Amino acid sequence: MTPEKESNGLDSYSFSLESHFCDLPQKKDGDGLDMSAEEDKNKLAYCVTDVPPWYLCIILGIQHCLTAFGGIIAIPLILSQGLCLQHDGPTQSHLISTIFFVSGLCTLLQVTFGIRLPILQGGTFTLLAPSMALLSMPEWTCPAWTQNASLVNTSSPAFVEVWQSRMRALQGSIMVGSLFQVLVGFSGLIGLFMRFIGPLTIAPTISLIGLSLFDSAGTSAGNHWGISAMTTVLIILFSQYLRHIAVPFPTYNKDKKLHTSRIYIFQILPVLLGITLSWLICYILTKYNVLPSDPDQYGYLARTDLKGDVVGQSPWFRFPYPGQWGLPTVSLAGVVGILAGVISSMIESVGDYHACARLSGAPPPPKHAINRGIGIEGLGCLLAGAWGTGNGTTSYSENVGALGITKVGSRMVIVASGVLLMVMGVFGKVGAIFTTIPTPVVGGMLMVMFGVISAAGVSNLQYADMNSSRNIFIFGFSMFSGLVFPNWIFKNPKAIATGVVELDQVLQVLLTTSMFVGGFFGFILDNTIPGSKHERGILAWNKAHQNDSSNTLESGQVYNLPFRMSSLLSSSSWVRYIPFCPPGKPRSQNGCDHVSHVKTCQESSLQPPANPETFTDYC
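With the sequence shown counted from 1, adding 291 to any position gets you this note's numbering.
Keep in mind the hints are simulated off the structure, nothing from the lab.
Fair warning: there could be bad hints in the mix.
As a list, the in silico BS3-like pairs of lysine-lysine whose alpha-carbon atoms are at most 25 angstroms apart [to be verified]:
#1 K824 - K658
#2 K720 - K578
#3 K658 - K834
#4 K578 - K598
#5 K834 - K824
#6 K720 - K598
Pair by pair, the computed Cβ-Cβ distance ranges are [unchecked claim]:
#7 L483 - V621: 23 to 29 angstroms
#8 D506 - Y574: 23 to 29 angstroms
#9 D756 - F610: 39 to 45 angstroms
These numbers come from a predicted model, not from an experiment.
By construction, the Cβ of each residue, glycine as well, lies at the ideal position given by its N, Cα and C atoms.
Model the full structure from these sequences, guided by the hints.
Shown next, in the form of structure tokens:
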């Protein structure tokens with residue numbers, strides 16, 4: 292979530308890889324000594340452009356999918372409340388399958404044509420808040436009969452129209468809102484946006500994403516506080532207390548044959564392990580009727596058999612397709628609300644790109660790659676809206692952190708992850724299995740995830756001078772306003788009455804979206820109240836994104852377009868004016884021109900280096 296991720300605590304290998312290693316930037320002291328042993332541990336097993344063995348790509352690809360499962364699954368389960376789908380297991384499984392499929396498709400687009408870094412795409416919580424605000428409007432409030440499982444006939448046309456009309460409204464808003472992100476990315480305007488957006492705008496915006504959803508987490512967890520507390524404790528235990536404990540697993544390779552390798556399983560999959568263990572305990576308690584079978588008794592929603600034989604009812608194969616819920620509808624209020632989430636998502640992704648580049652041994656991403664990445668993310672949101680996930684896509688911070696754990700920065704691993712997600716999206720029973728997760732287990736997971744999101748937003752304040760009364764006022768007022776205004780509007784839904792229905796709807800959505808209110812006040816106050824760039828944190832923010840890229844892969848090798856598209860376009864002079872196209876001539880990281888350098892070497896009777904990475908040694 293944060294713009295700059297540190298690898299502290301992530302310096303242990305998840306797999307006992309004994310292959311070649313890529314050197315990250317090496318620092319030497321005044322005596323010319325090599326880097327310390329601690330720095331040596333940060334070597335990568337595979338860099339961005341390396342291609343690991345196919346079996347390793349599959350294994351690590353599965354790991355990245357599992358790392359992203361928590362966030363990807365949580366979004367449709369939360370949305371089901373606003374879509375009136377709490378008691379419709381088969382439709383929930385379709386939503387989960389759809390978001391799996393679209394996440395895989397968008398991942399392949401991003402790695403191939405976008406930023407071209409090993410970064411996974413998945414559902415975003417930044418669009419969840421405005422989506423829930425839209426669905427909470429009086430016209431979209433769920434009918435009372437949809438909240439009673441005994442009255443819901445999931446195959447009746449009336450019920451189908453109830454949830455599909457809400458989904459179509461979300462789809463249209465997301466599709467139109469995503470066009471703004473496509474425009475900002477491919478036009479290069481993201482650089483202009485970032486000039487006015489600093490830590491004091493980003494901190495309240497990201498923090499309020501988690502804080503605004505506390506009611507959803509509390510409602511789910513409150514269905515059985517014992518089960519939800521157990522889930523929370525397990526996730527905390529695995530992610531914080533046991534993360535440095537390596538567990539021996541049997542492995543096999545040609546050299547060592549069958550042997551054991553120590554894997555930091557708790558550090559890699561704490562959320563999935565916590566959910567699975569709690570889920571299993573709930574299944575056992577259900578099997579032996581320890582949990583109440585009366586719907587009116589406390590703890591009933593912790594049972595795993597509430598949705599009946601949803602796994603058996605779901606088809607083995609179901610191919611998601613655009614417009615599967617009908618023709619999307621567009622409302623001005625929905626589009627404006629989604630725009631607030633889209634802007635937050637763009638800011639977050641720029642930080643993820645820089646963190647991913649550093650952890651994968653790549654040079655900092657150039658402007659054309661960032662522009663392309665943001666544009667492709669906008670295209671991904673457009674596809675997610677067309678397919679009907681009820682959400683968009685963004686870069687997953689959890690998977691960026693996983694790069695620091697595994698020491699494998701190859702983008703081919705993420706390509707494998709994208710393919711696996713698409714395959715899981717086609718298998719209908721995979722999504723059906725996840726719908727049987729009891730509500731209290733989901734609530735326990737959300738308490739941890741939303742708490743981390745809130746703290747990740749606050750961590751952006753490390754760049755600003757928080758000894759300044761100016762900054763304390765801006766952050767405090769922005770956070771408090773982001774909680775007060777939405778809470779009051781929710782309690783007084785008819786208070787906004789301008790006489791123009793469309794304007795009322797726009798104001799209703801915006802003022803009930805905490806992240807918009809907090810981010811708006813943070814942006815206005817930070818750019819109008821006098822303060823130096825150092826005080827505002829702008830200088831430290833920019834410096835954090837200007838890492839030393841010496842001795843890493845050449846920028847062109849990492850970020851240029853695939854399939855020799857860059858070399859084909861470089862022959863045209865007009866390409867330099869396109870913000871998302873790489874520059875014409877390949878240059879080394881210190882600006883040395885490849886062609887002129889080879890010519891100079893030939894004139895001086897020196898053997899020119901065969902590898903462009905070594906140009907810096909000659910220039």
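Against the structure, the hints:
no.	hint	in the structure
1	K824 - K658	holds (22 angstroms)
2	K720 - K578	holds (21 angstroms)
3	K658 - K834	holds (16 angstroms)
4	K578 - K598	holds (15 angstroms)
5	K834 - K824	holds (12 angstroms)
6	K720 - K598	holds (14 angstroms)
7	L483 - V621: 23 to 29 angstroms	holds (27 angstroms)
8	D506 - Y574: 23 to 29 angstroms	holds (28 angstroms)
9	D756 - F610: 39 to 45 angstroms	violated (54 angstroms)
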